[in-house]
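Chemist: Quick mapping for you: the protein sequence lines, in order, are chains A and B.
Numbered per my numbering, the first sequence spans residues 53 to 627.
Numbered per my numbering, the second sequence spans residues 14 to 326.
It should be emphasised that the hints constitute simulated quantities derived from the structure, not laboratory data.
Any given hint might turn out to be false.
To be verified - Computed spacing ranges between beta-carbons, pair by pair:
#, chain 1, residue 1, chain 2, residue 2, range
1, A, Phe144, B, Thr42, 53 to 63 Å
2, B, Arg191, A, Asn230, 48 to 58 Å
3, B, Leu243, A, Glu175, 22 to 32 Å
4, B, Arg198, A, Ala317, 56 to 66 Å
5, A, Phe144, B, Pro296, 40 to 50 Å
6, B, Ala98, A, Gly382, 56 to 66 Å
7, B, Thr42, A, Ala317, 23 to 33 Å
8, B, Asp264, A, Glu266, 28 to 38 Å
9, A, Ala139, B, Thr194, 48 to 58 Å
10, B, Arg198, A, Gly209, 28 to 38 Å
11, B, Val195, A, Ser282, 35 to 45 Å
12, A, Ala139, B, Asp264, 42 to 52 Å
13, A, Arg200, B, Arg198, 41 to 51 Å
What the hints assert, rightly or not - Simulated crosslink set (DSS-like; lysine-lysine; CA at most 27 Å straight-line):
#, chain 1, residue 1, chain 2, residue 2
14, A, Lys241, B, Lys318
15, B, Lys318, A, Lys174
16, B, Lys145, B, Lys318
17, A, Lys525, A, Lys493
18, A, Lys174, A, Lys220
19, A, Lys220, A, Lys241
Stated by the list, open to error - Interface residues of chain A toward chain B, partial, derived using beta-carbon atoms under 7 Å:
#, residue
20, Asn205
21, Tyr211
22, Trp213
23, Gln273
24, Ala277
25, Leu278
26, Arg410
27, Leu414
28, Met417
Think of the CB as a built atom: it goes at the ideal place given N, C-alpha and C, for glycine as much as any other residue.
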Amino acid sequence: MRKRVSIRTVLLLTVVGLVLGAVLVVSSVYSATATTMFNQLGMSEMLRDISVVSERLADYVGRVRQVVTELAADIEAEENFNAERFAQNVRFYTGSSEDISALLLLDEYGAPVFGLPSSRVKESCNLSALDWYRAAMDAEVGEVVFSRPHVQNLYSGTYPWVISVTRKVRYDQDGEENIGLLMADIRLKPLEEICRSVTLGSSGCPYILGPEDEIIFHPDQKLLALELISEDSIRKEEEDGGDQTMVLSQEIAGTNWRLVGAVTAEDIARNSREFNSRMTGIVVGIAVLVTAVAVWLSMQIVRPLTQMQNNMQRIERNLDDNRISLPEEGYAEYAALSHSYNVMLRKIRGLMQETVDRQEQLRRMEIGALQAQINPHFLYNTLDSIVRVLEQGRVPDAIEMVQALGRLFRLSINNGDYFLTVAQEMDYARSYLTIQQVRYKKRFHYELHMDEAVSAALCPKIILQPLIENAIKHGMSEMPGCTLAVRAGQDETGRRLLLTVEDDGLGIPPERLKRLQEMLRDDSNAITKKSGFGIGLRNTNRRIHLLYGEEYGLTIESEVEERTCVTITLPKRLP
Amino acid sequence: MRHHHAAKALALTLLLCALLLLGCEARETRPRAALLLPEAEGHHWENLREGAEAAAERLNVELTCYAPDEEAGLDAEDLPALAQADGAQVLIAAGPGDRRWREALSTVELPLVAVGLETENADAAVRNDDAKMGRSAAQALAAHLEAGDCVLLLTDSAEFHPEENVREDALRTALEERGVTVRGRLFSGDNLEWAYRQTLQQLYLWPELDAVVAFSAKATVGAALAVEYLGRDVIIVGTDIVPGLIACIEDGTVDATIVRNAFGMGYLGVERALEITNGADYPPEQTLSAVAVTRDNLFTPEIEKIVFSFDEE
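The task is simple: from the sequences and hints, build the whole structure.
Modeler: Okay, here's the thing in C-alpha cells:
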C-alpha cells in the first residue's frame with residue numbers, strides 16, 4: 053500500500069514554508085539594502101570624523117603658530133628687547149590658554165634669554181646636539197618650523213614630550229642686533245586627546261604623520277617605540293592598504309602634517325554585520341516560533357482526527373459493544389462529525405441487531421417447520437387413525453393415508469430446500485387434508501383449486517398447513533359438513549401470488565377477529581404471548597415478513613357462522 | 014492535558030527564541046589570562062604590568078593581575094592557585110623570583126608563560142638577556158676603570174635568583190677580564206634609602222672604591238646621592254630607569270643605566286598567552302635585550318622613546 057502523506061505534514065510544510073519563505077525574502081532584501089546603507093553611512097561617518105579631527109588639530113596648532121608669529125613680530129618691532137614687556141605680550145596672547153606648555157626665547161648659542169615659566173628654566177643646556185634645535189636654527193628668519201616630537205629637557209624636573217614650534221627672530225638688545233629662536237612647546241597630550249576623540253573601527257583613532265612620514269602621534273606609539281609592533285606595518289598599511297583596508301588621509305591646515313586613519317573593510321561593515329547577525333537571529337527565532345506554532349496547530353487539527361481514528365478502530369473491533377462510541381467533544385466540527393458518526397453507528401447497530409433477530413427468527417421458523425413436519429403428535433394421531441381404519445377393514449383408506457403421509461414426508465424433506473413450488477405445496481395440502489379427513493371421519497369436505505399460471509411459482513414450504521390445521525381445528529371440527537377450500541392464484545397484475553384457505557365453519561367473533569388482525573399488523577412477540585392464541589397465524593405471517601418484507605403476509609376475514617378466509621400474499625417468483 | 018502540552022511547547026519555543034537572540038547579542042568570549050607578580054611594588058613590576066595591560070587591551074584578552082598582599086595575608090605562593098580558582102585559562106608568571114615562587118609555579122596545571130623568569134614547566138618564555146645586561150654594565154664601567162680598580166655591587170634580591178645571578182656572573186666575568194674586581198656585594202633591593210646608606214657606608218669603609226653597580230633603579234639613585242653627598246669621583250652604573258635617575262644621568266652623577274624592556278616582556282607575555290589559548294603557533298622562547306642609557310644618548314630619538322613616558326604625570 054502506498055504510503056500516504058499525512059495532514060500534519062502537509063499543514064506543517066505549508067505553514068512553515070510560506071511564512072519562512074516570506075520572511076527570508078523580506079529579510080534578504082532588507083538586509084542587502086541595510087548593508088549598503090550601513091556601509092555608506094560608516095564610510096561617510098569616518099570621513100566626517102577625520103575631517104573634524106583635522107579641523108580641531110589645525111585650530112589647535114594654528115593658535116600656537118599665531119602666538120609665535122605675533123610674539124616674533126613684537127620682538128622684531130621692539131627697538132630694545134625688554135623681557136618684562138615681552139612677558140606682558142606673552143600673557144596677552146596666551147591668556148589662560150593651556151595650548152602652550154612652555155615658551156622660550158633662546159639666543160643664537162641656545163642660552164635662554166627669556167623663559168616661561170622662568171623659574172624652571174635650566175641655566176644651561178647643550179641644545180646644539182639636539183636635532184630639533186639644529187633644524188630650527190637652520191631655517192630662515194621668519195619661517196615657522198614644527199619640530200618632531202621630542203622630550204623637552206630645558207626645564208628642571210620635568211621631561212614632557214612636546215612639539216616645538218619655533219621661529220628664528222632678529223631682535224635688538226642693548227644696541228646690538230641678535231639672532232634668536234622663539235620657541236613654543238605644544239604638548240603631545242592635547243594632540244592625542246583630539247585624535248582619540250574619535251574612534252576609527254577597531255584600530256583605534258587616527259594618527260598624525262610629519263612631512264617625512266615620521267610619526268608625530270600614533271595611538272600605539274609606545275608599542276612602536278619599543279618595537280613591539282612594527283612601524284613598517286603602519287607604513288605598509290598606509291601605502292597600499294590592501295584589499296581589506298581603506299586609508300583616509302587629510303592635510304592638517306597650517307602645518308606640514310597630515311592626519312591618517314586606517315579602517316578595514318571589517319570596520320566599515322561592522323554595523324551591517326551586527327545588523328545582519330541580529331536579523332539572522334530574528335529570522336531563526338521566527339523560524340522556530342513558526343515551526344512550533346505550525347506543529348501546535350497541526351496537532352490541534354490532527355490529534356482529534358487521530359483520536360477519532362483510534363476510536364473508530366476500537367469500535368470496528370468491538371462493533372457489538374454498545375457502550376463504545378465517539379466522544380462528542382472538542383471543536384464544533386469534530387463534535388458534529390462524532391455525533392453524525394454515532395448516529396450512523398447506532399443505526400448500523402440497530403440494523404445488525406435486526407439482522408441477528410431476523411436470522412434468529414428464521415432459525416426458529418426452520419425449527420418450527422421441521423417440528424411441524426415431524427410433529428410426533430401428528431404422526432402418532434395419523435398412525436393411530438391408520439390402525440383404526442385398518443381395524444375397521446377400510447384398507448383402501450389406510451392405503452391412501454399411508455400414501456398421503458409418505459408424500460408429506462417427502463415434500464417436507466424436499467432435498468433440504470426451503471421452498472416448494474405452488475403445485476408441490478398444494479400437493480402437500482392435499483396429502484395433509486387426506487389424512488385429516490380420515491382422522492375427522494370425513495366430517496368436512498375440502499376442495500383444492502390451483503391456477504396453472506402459478507403452479508411453478510415458489511413459496512415457503514408447508515406454509516398452508518398451519519392455516520388448514522387452524523381452519524379444521526377451530527372452524528370446522530365442531531360443525532360437521534363444512535367445506536374447506538384451498539386456492540392458489542395470482543392478483544390482477546400477475547406479480548403477486550395469492551394462497552387462500554377458506555372455510556364455511558363457525559367463523560371468528562368480531563372482537564377476536566380484530567385482535568387477530570391487530571396481531572398480524574404488529575407481529576411482535578409481546579402481543580403473541582399476551583393474547584395466547586393465533587400462534588400459527590402469527591408465525592406464518594412473521595415468516596413471510598422476514599422472507600419478503602412487510603408488504604406481504606396474511607390477511608384474515610371472517611363472518612360468524614358464515615365463513616373464515618385467510619389469504620397469504622407472496623411475491624410471484626419462479627425458480 | 015492537550016492545552017498543558019501546548020503551553021509547554023510554546024514556553025519552550027519562546028525560551029529558545031530568547032536564548033537565540035541573547036546568543037546573537039552576546040559578545041565573543043575573551044581568553045582569560047592571569048598575570049602573577051611575585052612582588053607588589055617596584056618600578057620593574059609596574060612597567061611589566063603596564064605592558065601586559067597594554068597587550069590585553071590591544072589583543073582583547075581579559076587580564077587579571079595578582080600580586081602579594083600583606084594586609085590580606087596573600088603570599089606570592091598563593092597566587093597560582095587563586096588565579097586558577099578564578100577561572101584563568103593561562104598564567105603569565107613574572108620574574109625574577111625566588112625558590113618558593115618557582116615551587117609554587119611548578120604545581121600549576123594551566124598553561125604557563127614565564128616572563129623574565131627561569132622555570133622548567135613553562136610552555137613559553139619571554140626572557141630578559143641578563144648576561145648581556147651584565148656585560149653592558151661592565152662595558153659602561155670599562156671606559157672609566159683600569160685594571161686593579163674595585164667595584165661595589167648592590168643587588169636587587171636577597172635570595173638566590175637565577176636571573177640576577179646570570180647578570181652578576183656576566184658582570185664579574187667581564188670585569189675580571191679587564192682586571193677589575195667586585196669588592197663588595199650588598200643587598201639593597203629596589204630601595205633608595207638602603208642603597209644610599211649602604212653606599213655611604215662602603216665609601217667610608219673603602220675610600221678607594223672606584224665604581225658602584227646597582228641592579229635596581231632606585232638603588233642606583235641612592236648610590237648616586239651617597240656619592241654626590243661625599244663629593245667622591247665614583248663611577249655609577251645602574252639598572253632600569255626612574256625619573257630621579259634621569260636627572261642623575263643628565264647631570265652626570267650616574268654614568269649609565271642598563272634599561273630592561275619590562276614593558277615589552279609584559280606585552281609579549283600576554284601575546285604568548287593568547288597564542289597558547291588559541292592553539293596558534295608561537296615561539297617557545299624569546300629574549301629581549303636591554304639598552305645602555307648614558308648622558309650622551311639620553312635625548313636621542315632612539316633612547317627618548319624608551320626612557321621617557323608618553324603619558325604625562
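Chemist: So which of those numbered hints doesn't the model satisfy?
Modeler: 5, 12, 26, 27 and 28
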